[in-house]
Amino acid sequence: MMDLLDLLIGAGFWAATLRIACPLILGTLGELICERAGVLNLGIEGIMSFGAMAGWMWVFQGGDLWTGLLFAAMTGALFGLLHSVLVVHLGLSQHVSGIGITMLASALGFFIFRMLLPASSTPPKITPFQPVQIPLLSDLPFLGEALFRHTPATYCILLSVPVVMYLLYRTPLGLAIRMAGENPMAVEAQGINVLTIRTLAVMTGSALMAMAGAYLTMSAFDAFYFGMINGRGWICIALVIFASWRPGRALLGALLFAGLDALQVRAQQLGISVIPYQFFLMLPYIISIAALILMSGKARYPQALLAPFRRGERN
Amino acid sequence: MRLEARENTPLWLILLAPALAVLAALVLASGLIVWTGEPVLKAYGFLFNGAFGSRFALSETLARATPLMLTGLAAAVAFRARFWNIGGEGQLYCGALAATWLGTGLVDLSPALMIPLLFLAGALAGGLALLVPVLLKTRLKVDEVVTTLLLNFVILLFVNYLLEGPLKDPMSLGWPQAAPIIDNGLLPKLLPRTRLHAGFIVALVSATLVWLLMRYTVWGYEIRAVGLNPQAAAFAGIHINWTVLRVALLSGGLAGFAGITEVAGLKGYLTLDLSPGFGYAGIAVAMLANLHPLGVIASAIFLAGIYVGADSMSRGVNIPTYIADIIVATSVLAVLVSLMLTHYRVRLR
Amino acid sequence: MAILRLEGISKRFGSLLANDAISLSLERGEVLALLGENGAGKTTLMNILFGHYLADSGSIEVDGQALAPGATSAAIAAGIGMVHQHFTLAENLSVLDNIMLGTESLFAWRSNRRQARRRLLELAGRFAMQVVPDRMVADLSVGERQRVEILKVLFHDARILILDEPTAVLTPQEVEQLFATLSSMVEDGLSIIFISHKLHEILSISDRVVVLRRGAVVAETATADADRHSLAEMMVGRKVTRPTVQHLPPGDVVLEFDRVGVHARHGGGIALAELNLRVHANEIIGLAGVAGNGQLSLGKLLSGLLTPDSGRLKFCGTALQHFSPRRFIELGIGRIPEDRQVTGVVGDMNVWENAISEKLREVPFWRMRWLIDFKACRAYTRKLLEQFDVRCRSMEIPAKQLSGGNMQKLILARTLENKPKFIFANQPVRGLDEGAIAAVHENLLAAKRAGAGILLVSEDLDELFALADRIAVIYQGRISDSLAVQDLNFRDIGVMMAGDLGHARNLTADAPA
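If you're matching them up, the sequences are chains A, B and C in order. Be aware that the first sequence starts at 1, since it is given in this note's numbering, and climbs by one per residue. Be aware that the second sequence starts at 316, since it is given in this note's numbering, and climbs by one per residue. Be aware that the third sequence starts at 665, since it is given in this note's numbering, and climbs by one per residue.
Heads up, a few of these hints could be off.
[Unchecked claim] No more than 20 Å apart at the CA atoms, straight line, and that leaves these computed lysine to aspartate or glutamate pairs for EDC-like: (1) C:1039 to C:973; (2) C:862 to C:884; (3) C:1064 to B:319; (4) A:298 to C:803; (5) A:298 to B:319; (6) C:1083 to C:994; (7) C:978 to C:1145; (8) C:862 to C:829; (9) C:1083 to C:1097; (10) C:862 to C:1156; (11) A:298 to C:1026; (12) C:1064 to C:1053.
These are computed hints drawn from the structure, not numbers from a lab.
Okay, chain A solo, but in the shape it has when bound (with noise of 0.2 Å):
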């Protein structure tokens, strides 16, 4: 118990905690954006993975780091606007074309890897994001080590969570995003294309998924190896129903979740465990899942989700 203690006043932990929730704000996000428009995007495990990748190759072939995380990006839209096409004007299953696209994205992924690089005992390396020393709030005690001693992605995915607050709360094509989940013919009735701001939504949130898988090559760690994702995806459509859709909820659950999680790993270093260390492994899915329980009762979906809109055909 005490050991537990001191590993929750460690200002490592809760670094590794910001480290950890990163890929999760921003994939907890990124999906967030695509449900409010009314789209479920299962495609989120093979999306992450595939901007892991390109991100990281990028870089490797010679590119920097920033315009890798658009470059990720930028493969994240691309699928996002497959998956768009599909669901959003064509009114496809959701779920097919969703588990579809992450089948597609993981193994086109782990294709173009093998091609560009065959394989090695030694993975290869970039040099990642390089956490940055802010004058003055870097030397604080505690708050300097937890707080602000990271790598510029993770300032920016933090950043990300006010940015997506302000986008859908306070600019009018937030609401119309908004609405489009809620009840897409009321957009429809002010002239607004539903399918345009739909598949914007998607594309956007997807973006902002590879994004989220890049940051695991780019800052957190340095090297892509197969299966890195680990299931991260699916526990970003768990954490966005845990959130409410709400971006502000988002970043708490993340935050809370990569807690447990680290916990869990830091008490497997430490020996803590008399449990053997795949139990340790398994929490932060039962965690999801409880998760998943505490919420559906009381979730307000938004009302459109799963509901393909097709102009033309009155209710």
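Take the given structure of chain A and dock chains B and C to it, following the hints.
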């Protein structure tokens, strides 16, 4: 662009749709093959030969098709009722665990009794694995997509733990694998000197039984009604929750069967890599078959051919084996479009 | 000077000619009523005007300027505003959010909510409408939601207002309030197109009436020169004869509500309290009431989808213990659902599969308790289709391809074939044309003559007065006493629908002993 509903859809069009989708996928994938620098037709030749070109190749393909048929059936049955069971992978491993628990020495019966017992146990284990998600859905309205997905990870980690711990075979020289299934529990081989085993027959029979069930029984009618319009089904007196529960048990049971065929038929013992994603591939199988139980047989064999052929192809030409997954995934997306075209005509404005 | 002019508008959907060279004009400050039955083409025409659909031919001029076709944004910019029949509001968003949508450019960086809020309150005050901008639409009543819809349109500076069946969900008193608002808008210079099939409303609010039938303009008249009969005739094209009720002496009680109460369910209906009602054999009890006063909960209760939380529901004398649709079907309770496409049929299943949907768990439709007997099913369906005149190409087509009238006849057929002792008919003729309505009513009356007791829920007072022996009113989950239809008139019903359920007692007190 507008979609105009067709008044009726001829059967040949419905059968043609998946075939066209597959063709489209192969054409798109050939673009990637061009990138690798290898000749496309030669590569596909290797693929086809590796899948169907010899007695051995065919046996490998059919052996690989066995679990795919079962997980495909699992997905098809569930999706018909609009129960999105993405947990086929985990349910498969549950079945395999059941076989390992019972079949490695705990019980010893004659093969005529042992084998059905293993299948029964596998089905029960697979069905139980879905019990929590389905109850969460019917009682608490928790979405089953995420719960079944996340459970896969939990179950796999659990199997990992068991294989490194309690179930570890002391005679396996350190590899994490379980003790072998006793001889009486092993599924007999169908063709000597191949890996094709009786599980294939079990899969064929299962597909036929599921087809009969869906078409000729009241239960099949109820499953279809619940999947197509749950409100009208409830109004007409169909018990939604019971129907979904039974569908889930059937679906999980079929996936559990797949675990048995792999453990007691193909490999003989449980390892962590028993299933290279059969559960997920089963979804592709189901989609390509348009959720039709008999169609699952064909699409499972096709998918198995792609995977087996890709392995063989990677030995002949320098193309990463991921091309198989790419072809399958593209087929799934393409079949969504082609199936839609069987119901709608596209009118360009 | 005409502020709006439509010239030769035609629109075809496949084989259906929805609008046939329609020409009409709207004067400034005028209230024009567009009258026609369901399917006459009124809504299609307005959708073309508003830019949702593109006309095949014809032109539209607003204030002398040609209007770009097929573009809702152009219509809004030209000052046309439409209040749709089915509300286009997002429940999970606030009133202000709903109204602000589309008022600012999508490329704007910032939403000016403060200004919008001020403008909204000012508009509401101008037309004497109450509104709280930050309330969630989910918390508003139906009448309040309609007010939000109207404010939405005014917010966009509409000069031409199109109202599509606006009174479907209002009590007679709320209708008066709406008309008062419309009058003040007209004084302010707005012009209004009022779509309805309710003759008495058209007579009271409009200046001119254009009648549509089967997609074409068949008549145009000043309202002052018309009356209910002439309008009805113009609308239908022949003398309207709906079957009229013959009162029979009531038999035994078939269904009795004994202080039945139901709690409000999350996402499905308000609470029902202390329901006391008796339905006898050979009798039709009409239940009037504005939508949203408990009909949803009542519908679920009588379909077997809800269990009452208090009181007892008795069928033919015995209290019901087990509430499930299957049990109700077994007992012989007939149910005609409110929404035939959502609840009544499985659209993707074919006609015979829907015809036997309630009987599938009976011999001879199944063998050995789980195999379907296809021959028996098809034979039964054939008999049903013939007996109830359901027209369809074949039994094997998907049910969603049936016309509204035939779909409803199918549902009626499978319900009435069982000779149920009690029938719950929930809005049975909604959305049907006159021919289908007459057929449905005939069937219900025949069932009544054969001994059934029927509870008929309807929003159409004309229908209730024509069919029912007694009428009761539902309001906020309570049901009034039922009164013989001879002792009632529209005004009394209106009073009760607006909340004064006790008015029924006043009437019986006044009635001669």
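Each hint tested on the structure:
1. The suggested pairing of residue 1039 of chain C with residue 973 of chain C is violated, with an alpha-carbon distance near 43 Å, which exceeds 20 Å.
2. Annotation: proposed proximity of residue 862 of chain C to residue 884 of chain C holds, straight-line Cα distance about 17 Å (limit 20 Å).
3. Straight-line distance between C-alpha atoms of residue 1064 of chain C and residue 319 of chain B comes to about 15 Å, which keeps the hinted pair within the 20 Å bound.
4. Annotation: proposed proximity of residue 298 of chain A to residue 803 of chain C holds, straight-line Cα distance about 16 Å (limit 20 Å).
5. Between residue 298 of chain A and residue 319 of chain B the alpha-carbon distance is near 39 Å, which puts this suggested pair outside the 20 Å criterion.
6. Between residue 1083 of chain C and residue 994 of chain C the CA atoms are separated by roughly 12 Å; this keeps the pair inside 20 Å, and the hint holds.
7. For the proposed pair residue 978 of chain C and residue 1145 of chain C, the alpha carbon gap of about 18 Å is at most 20 Å, so the pair holds.
8. At most 20 Å may separate the alpha-carbon atoms for a hinted pair to count; residue 862 of chain C and residue 829 of chain C meet this at roughly 9 Å.
9. The suggested pairing of residue 1083 of chain C with residue 1097 of chain C is violated, with an alpha-carbon distance near 26 Å, which exceeds 20 Å.
10. Proposed proximity of residue 862 of chain C and residue 1156 of chain C is supported: the alpha carbons are some 18 Å apart, at most 20 Å.
11. For the hint linking residue 298 of chain A to residue 1026 of chain C, the alpha-carbon distance of about 40 Å lies beyond 20 Å, and the restraint is violated.
12. This hinted pair checks out: residue 1064 of chain C and residue 1053 of chain C have alpha carbons roughly 17 Å apart, not beyond 20 Å.
In this structure, the hints that do not hold are numbers 1, 5, 9, 11, in rising order.
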